[in-house]
Amino acid sequence: MKKVILAPDSFKGTMSSIKICNIMEEVINKHIPDIDVIKIPVADGGEGTVECFLEALGGSIIQTEVSGPFFDKINSFYGILPDHTTAIIEMAAAAGLPLAGDKKDPTITTTYGVGELIKHAVTENGIRKIIIGLGGSSTTDGGTGMASALGIKFYDEMDKEFIPVGGTLEKIARIDLSGLIKEIKDCTIVAMCDVDNPLYGKNGAAYIFGPQKGADDESVRLLDKGLEHLANQLKRQFNLNVAQKPGAGAAGGLGAGILAFLNGSLESGIETVLDTVKFDALLSDANIVFTGEGRIDGQSLRGKVVAGVAKRAKKQNVPVIAVVGDIGDDIDGIHEAGVSAIVSINRVAVPFSIAATRSEGDLKNTMDTIMRLLKLTL
Numbered sequence: 019m020k021k022v023i024l025a026p027d028s029f030k031g032t033m034s035s036i037k038i039c040n041i042m043e044e045v046i047n048k049h050i051p052d053i054d055v056i057k058i059p060v061a062d063g064g065e066g067t068v069e070c071f072l073e074a075l076g077g078s079i080i081q082t083e084v085s086g087p088f089f090d091k092i093n094s095f096y097g098i099l100p101d102h103t104t105a106i107i108e109m110a111a112a113a114g115l116p117l118a119g120d121k122k123d124p125t126i127t128t129t130y131g132v133g134e135l136i137k138h139a140v141t142e143n144g145i146r147k148i149i150i151g152l153g154g155s156s157t158t159d160g161g162t163g164m165a166s167a168l169g170i171k172f173y174d175e176m177d178k179e180f181i182p183v184g185g186t187l188e189k190i191a192r193i194d195l196s197g198l199i200k201e202i203k204d205c206t207i208v209a210m211c212d213v214d215n216p217l218y219g220k221n222g223a224a225y226i227f228g229p230q231k232g233a234d235d236e237s238v239r240l241l242d243k244g245l246e247h248l249a250n251q252l253k254r255q256f257n258l259n260v261a262q263k264p265g266a267g268a269a270g271g272l273g274a275g276i277l278a279f280l281n282g283s284l285e286s287g288i289e290t291v292l293d294t295v296k297f298d299a300l301l302s303d304a305n306i307v308f309t310g311e312g313r314i315d316g317q318s319l320r321g322k323v324v325a326g327v328a329k330r331a332k333k334q335n336v337p338v339i340a341v342v343g344d345i346g347d348d349i350d351g352i353h354e355a356g357v358s359a360i361v362s363i364n365r366v367a368v369p370f371s372i373a374a375t376r377s378e379g380d381l382k383n384t385m386d387t388i389m390r391l392l393k394l395t396l
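Quick note: the sequence shown uses my numbering, first residue 19, plus one each step.
Bear in mind the hints are in silico, worked out from the structure with no lab data behind them.
Derived DSS-like pairs: lysine-lysine, alpha-carbon spacing no greater than 25 Å straight-line: (1) K200 to K253; (2) K171 to K253; (3) K30 to K382.
Pairwise CB distance ranges (calculated): (4) D303 to H353: 20 to 26 Å; (5) G197 to N305: 50 to 56 Å; (6) P369 to D235: 32 to 38 Å; (7) K200 to R254: 23 to 29 Å; (8) D298 to E142: 30 to 36 Å; (9) H353 to E179: 54 to 60 Å; (10) V361 to D204: 42 to 48 Å; (11) K203 to D174: 23 to 29 Å; (12) K91 to F180: 15 to 21 Å; (13) D293 to R390: 33 to 39 Å; (14) D303 to D204: 33 to 39 Å; (15) S302 to D234: 50 to 56 Å; (16) K171 to G119: 27 to 33 Å; (17) A367 to K203: 53 to 59 Å.
Yeah, the Cβ is synthetic: ideal placement off N, Cα and C, and Gly gets one too.
Whole structure, please, built from the sequences with the hints as guidance.
Next up, the structure:
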C-alpha cells in the first residue's frame, strides 16, 4: 500500500494545521482511496499544541482547576499521550495572553498555574515526561510562579516568603529549592521553544516581548532589572548560569525557569514534535511527505516546520512537497534542505484579507492539481 505523511504547520490567521491535514487527506483519498495517510499536525508550542499532539498520537484531555494569570481560579487542561507517562502542557492554558483579557500587565501576572498543571500531571497521573509549549504567555516572572507551585520557596530581605511576579523579582533575597516536589526529580521535562532570546538585556524577555503583553517603557525597565536580579541570584546561590542560554527569555523567562528550577531542556518545537511521533520510523516506508506553512522564505530554514521535516526526509530519500501560502524570493536553500517542490495555494492575485477567506477552497483545489500530477507516477 502507498503511504503519505502530512506534517504541515498552521497558516497563521487562516487555517490550523489540523484543518490543513483534514483537507489534504480528503483530496488524497478522493484520488487514491487505498492509500495510507498519516496525519501529523504541527503546533509551535502555543494555543492548539495539546490538540495537535492528541490528533497525531491519540490520548486524552485532563481537565483541572488552576490559578490563572492573576491568581484567580480558572478551568484549564493538559493532554496525556497513550503511553500514559507523557503529558503535553500549553503554558498558555494557565498563563496565556488571552486569559489576561483587557488587564494585560506582565508586572503582576504569574506562571503559578503552569506549575499547578505540572504538579497535577506528576502527582495525580504518574506522568514522568512533560512536554511544555512556551507560546503565547502573558507573564514575565522568570518561571518563579511555576516554581512556587512546585514547592520552591522565595524570600525577601526580611526573610518573609512570597510568590514573585514580574514586578517583584528584585525583592528576591533567598531561594530555597529543597521543597521541590520529589516527583519532579524523576521527570524528563522538555520545553518547545522556537526563540533564542536571552533572559534579560535589549534582546531579552522584557524588551522584546514585554510591550505586546501590556508593558510600557517604565514597566519594561522594571521587568528587565527583575530578570537580571533573578539571574544573579541563581548564579550566586546555586552557580546556575542560565540567563544567556538560547531561549531563556521565552515566555517571559519561563525558559530560564525550566532550565534552572526543573533541570529541563529547551528544544526546537518541530524537533520535539517529530521525535515524539517517531517521525524517522514513519518515514521508512513512506512514498511522499506533504508539509507547509503560511509563507516560505529564507527564514524558513531557521528551525521552522518545513525545514525540520525536509531535513529528516532527505536522509531517507523521501520526496517532500511544501504546500504554502506565499513564496518569498530567497528560497534556494529550501530545495537544498530537502524540499522537492514548493506550491502556493494562492490562485488569484488578491490582498491577504480576501485570500484568507478563500484559503480552504484554494488549498483543496491546489491539492487536487498536485494529486492529478502525482497519479501519473504513484
